[in-house]
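Here the protein sequences come in this chain order: Z and A.
Position one of the first sequence corresponds to residue 5 (our numbering), numbered consecutively onward.
Position one of the second sequence corresponds to residue 10 (our numbering), numbered consecutively onward.
Take these hints with a grain of salt, some might be off.
Stated by the list, open to error - Reference listing, derived: stretches of chain Z covered by chain A, where coverage requires no fewer than 3 residues with Cβ under 8 Å from a Cβ of chain A:
id : segment
1  : 30-41
2  : 57-65
3  : 82-94
4  : 115-124
Think of the hints as simulated: they come from the structure by calculation, not from any bench.
All values derive from a computational prediction rather than experimental measurement.
Ideal Cβ positions, reconstructed from N, Cα and C, are used throughout, including at glycine.
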Amino acid sequence: MWQWLKRLFGGARAVEPEPQVWNFRIKGGRAEIGAVNDALERAAMAGEVPEPAMRAMQVALDELLTNAIMHGDVSLNDPMQVDLIVAKGALRAVVSHAGTPFDPTKTEHRPDLEGNLEDREIGGLGLHLVREMMDEFSYEFANGRNVLRVGKRF
Amino acid sequence: MLEIERAEEGLAEVLVLRGRVDTGTAAALEKSCMTAIEAGTRRLLLDLGSVDFVSSAGLRVFLVVAKKLGGLGGRLALCCLTRPVSDVLALSGFDRILVTAPSRGEALARMA
Numbered sequence: 005m006w007q008w009l010k011r012l013f014g015g016a017r018a019v020e021p022e023p024q025v026w027n028f029r030i031k032g033g034r035a036e037i038g039a040v041n042d043a044l045e046r047a048a049m050a051g052e053v054p055e056p057a058m059r060a061m062q063v064a065l066d067e068l069l070t071n072a073i074m075h076g077d078v079s080l081n082d083p084m085q086v087d088l089i090v091a092k093g094a095l096r097a098v099v100s101h102a103g104t105p106f107d108p109t110k111t112e113h114r115p116d117l118e119g120n121l122e123d124r125e126i127g128g129l130g131l132h133l134v135r136e137m138m139d140e141f142s143y144e145f146a147n148g149r150n151v152l153r154v155g156k157r158f
Numbered sequence: 010m011l012e013i014e015r016a017e018e019g020l021a022e023v024l025v026l027r028g029r030v031d032t033g034t035a036a037a038l039e040k041s042c043m044t045a046i047e048a049g050t051r052r053l054l055l056d057l058g059s060v061d062f063v064s065s066a067g068l069r070v071f072l073v074v075a076k077k078l079g080g081l082g083g084r085l086a087l088c089c090l091t092r093p094v095s096d097v098l099a100l101s102g103f104d105r106i107l108v109t110a111p112s113r114g115e116a117l118a119r120m121a
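With the hints as extra help, turn the sequences into a complete structure.
Written as structure tokens, this is what we have:
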């Protein structure tokens, strides 16, 4: 009976802070991506996210949003959505857009990181940075939208 | 947002950058570098001491400018890297193909 009451009223549970979520809609403008960056910096300044995690997320989002705008055929009438989520011990982002289906977690192309200056090319480097800098990186196509999730634990 | 301030140090031109080197600002950085090269600069130093982060759009500019200067017998160097910037350079292998130095003075000495 006591156990049941405790479960019912949550008495034994540590109180977890609710994750904070910010939502953004991006139609392709640089200023809108700037607003996402500003929100990340505010969260870091407020002490909610350590700076290294925040910077890593800024790089990952620049790569993912740019890819979607350049290659994903994102329509102005159906903006990209970006949700930033600050949870306990992790900074996460969910990017969704109705552009051409493309799973960036499955790209075969691995950039050549060894060549000298003359041989080096930039293709594939952006997604390489996302893979290396994020602890979580997943993709699904759901309800006609590409849904990308990235996360950095701290 | 990225502020680009020009300074001259002996034979080199220094561009002091402040802000983000990402998709939104890479074109402005490339233009500033190319303008300097067209005006005769062959030793170009980017002071990244106040740069918050660099994405692949910024790496592309570093690569294009380094190749351009290399072809003209000149050199690009980067100095004063912040932690987020040096992490990205290391992950992309750019720390091995670009001249980097902890201070402006050391970077200029390596370009001399």
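Here is how each hint holds up against the structure:
no.: 1; hint: 30-41; verdict: holds (count 4)
no.: 2; hint: 57-65; verdict: holds (count 4)
no.: 3; hint: 82-94; verdict: violated (count 0)
no.: 4; hint: 115-124; verdict: holds (count 8)
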